[in-house]
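Please model the entire structure based on the sequences and the hints provided.
4 protein chains.
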Amino acid sequence: MSHNTFGHLFRVTTWGESHGPAIGCVIDGCPPGIEFRQEDIQDDLDRRRPGQSRFVTQRREPDQVKILSGVLPQEDGTFITTGTPISMMIENVDQRSKDYGEIAKRFRPGHADYTYDVKYGLRDYRGGGRSSARETATRVAAGALARRIVPGMKVRAALVGMGEKEIDRSNWDWDFIGNAENPFFTPDPASVAVFSDYLDGIRKNGSSVGAVIEVVAEGVPAGLGAPIYAKLDQEITANLMSINAVKGVEIGNGFEAARITGEENADEMRMGEDGKPVFLSNNAGGVLGGISTGEPIVARFAVKPTSSILTPRKSIDKDGAEVDVMTKGRHDPCVGIRAVPIAEAMVACAIADHYLRHRGQTGRI
Amino acid sequence: MSHNTFGHLFRVTTWGESHGPAIGCVIDGCPPGIEFRQEDIQDDLDRRRPGQSRFVTQRREPDQVKILSGVLPQEDGTFITTGTPISMMIENVDQRSKDYGEIAKRFRPGHADYTYDVKYGLRDYRGGGRSSARETATRVAAGALARRIVPGMKVRAALVGMGEKEIDRSNWDWDFIGNAENPFFTPDPASVAVFSDYLDGIRKNGSSVGAVIEVVAEGVPAGLGAPIYAKLDQEITANLMSINAVKGVEIGNGFEAARITGEENADEMRMGEDGKPVFLSNNAGGVLGGISTGEPIVARFAVKPTSSILTPRKSIDKDGAEVDVMTKGRHDPCVGIRAVPIAEAMVACAIADHYLRHRGQTGRI
Amino acid sequence: MSHNTFGHLFRVTTWGESHGPAIGCVIDGCPPGIEFRQEDIQDDLDRRRPGQSRFVTQRREPDQVKILSGVLPQEDGTFITTGTPISMMIENVDQRSKDYGEIAKRFRPGHADYTYDVKYGLRDYRGGGRSSARETATRVAAGALARRIVPGMKVRAALVGMGEKEIDRSNWDWDFIGNAENPFFTPDPASVAVFSDYLDGIRKNGSSVGAVIEVVAEGVPAGLGAPIYAKLDQEITANLMSINAVKGVEIGNGFEAARITGEENADEMRMGEDGKPVFLSNNAGGVLGGISTGEPIVARFAVKPTSSILTPRKSIDKDGAEVDVMTKGRHDPCVGIRAVPIAEAMVACAIADHYLRHRGQTGRI
Amino acid sequence: MSHNTFGHLFRVTTWGESHGPAIGCVIDGCPPGIEFRQEDIQDDLDRRRPGQSRFVTQRREPDQVKILSGVLPQEDGTFITTGTPISMMIENVDQRSKDYGEIAKRFRPGHADYTYDVKYGLRDYRGGGRSSARETATRVAAGALARRIVPGMKVRAALVGMGEKEIDRSNWDWDFIGNAENPFFTPDPASVAVFSDYLDGIRKNGSSVGAVIEVVAEGVPAGLGAPIYAKLDQEITANLMSINAVKGVEIGNGFEAARITGEENADEMRMGEDGKPVFLSNNAGGVLGGISTGEPIVARFAVKPTSSILTPRKSIDKDGAEVDVMTKGRHDPCVGIRAVPIAEAMVACAIADHYLRHRGQTGRI
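Protein chains in written order, with the numbering used here: chain A, 179 to 543; chain B, 179 to 543; chain C, 179 to 543; chain D, 179 to 543.
Take the hints with a grain of salt, since some may be wrong.
[Stated by the list, open to error] Quick partial rundown of chain B residues pointing at chain D, CB under 7 Å, derived from the structure:
hint : residue
1    : Gly-194
2    : Glu-195
3    : Ala-200
4    : Gly-207
5    : Pro-210
6    : Ile-212
7    : Gln-216
8    : Leu-250
9    : Gly-261
10   : Pro-263
11   : Ser-265
12   : Tyr-298
13   : Asp-302
Keep in mind the hints are simulated off the structure, nothing from the lab.
This one's a predicted model, so the numbers in the text were calculated from it and none came from an experiment.
A virtual CB, placed ideally from N, CA and C, is assigned to each residue, including glycine.
Structure follows, in structure tokens:
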């Protein structure tokens, strides 16, 4: 990956900070002839948008995407991709300059303030710079197109744990995730009350908490990926690790695989009724030797708690003075919630890229 | 990452299968003027070599590396890199053709046999093809050079868990890892007896078991990495995920971060006695916002149990017939053990690459 | 090069068509701390802008660049780069939909209409799509930043031939190029009358003509480039060949080198009065073995005549019908004129990229 | 292009110097299932081999290629590619150490001695380092595979000019190029006597001379390439410019296009008798807007005279002393001759890469 680009044939370059005029992305290598509606992108964007419940920040950012190139507008209002770069832009409506005062000089613990300063010798202290959660909107836009490249692919994600609380997997209901009563992207209806109480407590304490998200991609044909340095699971992992605050990723049974035996772990095979191979389990998470098996691809990742908290923490400033830093203002008590649609997008992009690469090398799709 | 290349400025391309004449790598972009001895590479290679204890396979592969280009031999037998591509080759001495019989057609559960066949339409059934553990020798050779690029950097790894057993971290002793009585790369002397008994039982059952490895890179200057799609921790993760059988990676406190609060997780800062910033903890694992903090970089990964086991497992063959597959011959009961030096190499390569990239973009080293 | 990106450490991605809402570019990898004024970019853009003489088309496109990210605005109105991606956008003010009628179906000879259609299966017939001359504005914007990366570098270009006419090199005056009386970027004052008469004739006939441009980069330090597949002259050549209508590129004495002997061609060396090596000639054009010598880098390229002409030419349409195509409307009789500032930008980008790559690999700058 | 790699999906990495143990290449991304014989590669290698006439150097280098990975040997002695990296190696049989004496310190005019030294701070003075003509053998080996990727493609090259002498194009006979009486790869039988006399004179004077080579690729499907920064003609040009001593490249009518009018230059189109579009001329050289038209692709390039000549030339040494340099030993009086098979290989690689990229993005092949 280059610094601000990911993918090889389906290449996404993003740009922008939370406090400049706009953010955006350029998608290069999208196949021609892909039909989509602006709403396809907007719907995904709206899912990650702040201001939807008391558990996510209330800034009013409409996140209205503008498509600037690479498409042919059709008479019915839809678009067709032309094969040339697709530029999408989201203007920052709420970028009024304010007094950053001490924040401009102080390094907030858990943030990238200190490391930016060391790396670049200067830093855009207005908001989180490139590390702003806002940047992720552009990934979601790219993912909305990536989803359409692999025929029959469906990529969905769910929050499966928050701090000390976990869902009950026996209650898993994908349809519940889009439910208006569900502010957590949890697939377990029974977990809503638990998470709500828990997070209210966290929020009232000015604290924050982490989360675990699971992404599942179904309908991915067998054969995508590569044996060594472009393994499908490796690139999915890299894409997920590029999301802010992610500290770990696992594929299939992940760290559990380290604790069990070879007999328990190996997924056995049989011929299905339709004459196609089937796996009797999916510990592998849909990838063997870096190449997709045709089973659902399953990835899970950990998001650290929001670093902006009301409790004062020890830090230093640019001049080396020791200070206490407390982050005022509203902040998500659990940034992991909003990572759900972002994760879907990043996984969709990784798979779409490998779909095109596989077609390029082998011609077998 | 391209299919068989990793890195951007320090680029490593590997080639070869376990049953061809040789394996090797080409390192492109190595700085000129790096001095090294052939033994520096050979020592690292010897650490991952099979045949060192009853817990790793007994094939006799001397793993003698030949350096074919990119160096100026000095009178004292050392080498100096010239800045041109360094080609290293290891001949496969034990590649005699044998009767692969049924294996050529059958898909071994947990192996990449089925996925290779679907992807490429054919497959080199002699050994594991590109997925052979043997390929990792070339990574170790590359890593031996990468270690020399970042002045003062020390990258070490240790096995911290095997199946149901874990080390006692309070016993951690880096020096014990190279001890002749330690066949496990464990840093805990007390764990040797535990792991030995446990693994003997696994081995006698014809079974296998997974492992967890921890890699620590010390002496990495602050400022390496990038905020978004080339995060230092992301590329370390990708490099580790490219090792065969790895199913999960975490940085710093990793998945634990998802379970704790923002106050617990944020690493506070103070000025050290030497006038340099210090962190009071290292939950971040040495990386904030994708950029190194100057603290030790800590990564941990899970290796699945060896897929080759003596217990018959259900599978199919190339013609769609349902078969039972049992892998005869000697196999490591825990492939994770040998992953320790490979992990060090992959982490060293990721950091060396970012060292050069940082110097290129900013000139601040 | 990827499809719409060039450069390795100084990476430029461009997007946009002449008839969409905007065009733009994203510059990734720009060093932090580079100071510039918006005017630096705008001045270069204005040099390539249509509407400046009767020899270039009269469309009114203000080409007003907006800088959307990657910079810190200073109190004095200047900018400092932050090291994050710099997004620049130029809105297309004159993009009103018109009736493209037959053009939508017909393949204009010399244009990419037919090849786009074959490649993508569809094509944006509104203007030249990605091949529009308008796209080159974004390169000029990127080049304006690239110029500032290599300390002391000056990149200038001049038109040295137009159709059958050539300049008199003994009259070469760089300062004359910016002269208000010089609509041709010619360095030879005496050539203006010659080119004017010649081009008036061409224009009145509804015809067009090609041109030869020479680019000279001074102040480039010795040591930039690479011996084999990233030769400095090779990447300069590739960058120039990516400009529309360019059909040939040569470095130094170029094709002349094929016609002379080794004694005539080799540039001899002596020590200069300042104790630095000097070359007694520069047939090599400032590059030996792909690496800069410290002498001026000299490249020359041929631009074909504008394909849009008033004379009807035989062609076919999308349905395979044979048609005659005549391109109405105003068109530059010599598109080569406008290529001059674009060429400067592309050469500046190639050298800036190699400056950073050299610093990355060797640390010797 | 990376420093020692070219191509995107069909990627070739080369390594090695003329005076190390071996040279070689790694081809990554080759489609699986390509059948070839070792002789296919060896035949191409033999065509560029020194020692075939009095006009090329007499060193005895058998250039025997070894295929080390990425293939399945078949019972009939042929190979099938597996889709994994193909490593090929050619051992340097004649690499005995000799006394380089003054050459180790002196910068030969026209060679890259000075620039290597400035760039890397040290240099492998044994032979030409990476700039050795020997490196090109590995490109020829890669090209032999590339030729097999695009069905029906035929890539041939011919020497069309040498110093002041040119062929008579009306005598063009492709079949004559492989004729045993033709030491020049000229397509004009009548030119052999002319070139022989001319080059004998040059050789006896201890001088050297340049050449112009033309490459023609037939059977390339329309639609390969990209509109902007990965134009097919641009990547062909870059590949040719990467060959040592090449100083200029042109596509189709090239520099001639700058001298003619739009009517003369535009290639008209009609429907052919087979219902397929045909072009009535091919000034474009088979590429419009960076994308292949289906017509033959035509490129031409200039090779400078061999820099190693017997006439003493002024130079300096590493310590800054002014010296005269005369290159003893046998050298090709016209290195351009040997560039012919290399050029074919480089053009074949560029087209094969774009064939796979086109298939990847569009699925239209």
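For each hint, the structure was consulted:
1. Gly-194: At 4 Å from the nearest chain D Cβ, Gly-194(B) passes the 7 Å test, so the hint holds.
2. Glu-195: 6 Å, holds
3. Ala-200: Given a least distance of 5 Å, the restraint on Ala-200(B) holds.
4. Gly-207: 6 Å, holds
5. Pro-210: 4 Å, holds
6. Ile-212: 11 Å, violated
7. Gln-216: This interface hint is violated because 13 Å lies over the 7 Å limit.
8. Leu-250: Holds: closest Cβ of chain D sits about 6 Å from Leu-250(B), inside 7 Å.
9. Gly-261: Since chain D brings a Cβ to about 4 Å from Gly-261(B), closer than 7 Å, the hint holds.
10. Pro-263: 4 Å, holds
11. Ser-265: 4 Å, holds
12. Tyr-298: Tyr-298(B) check passes; min Cβ-Cβ to chain D is 4 Å, inside 7 Å.
13. Asp-302: 5 Å, holds
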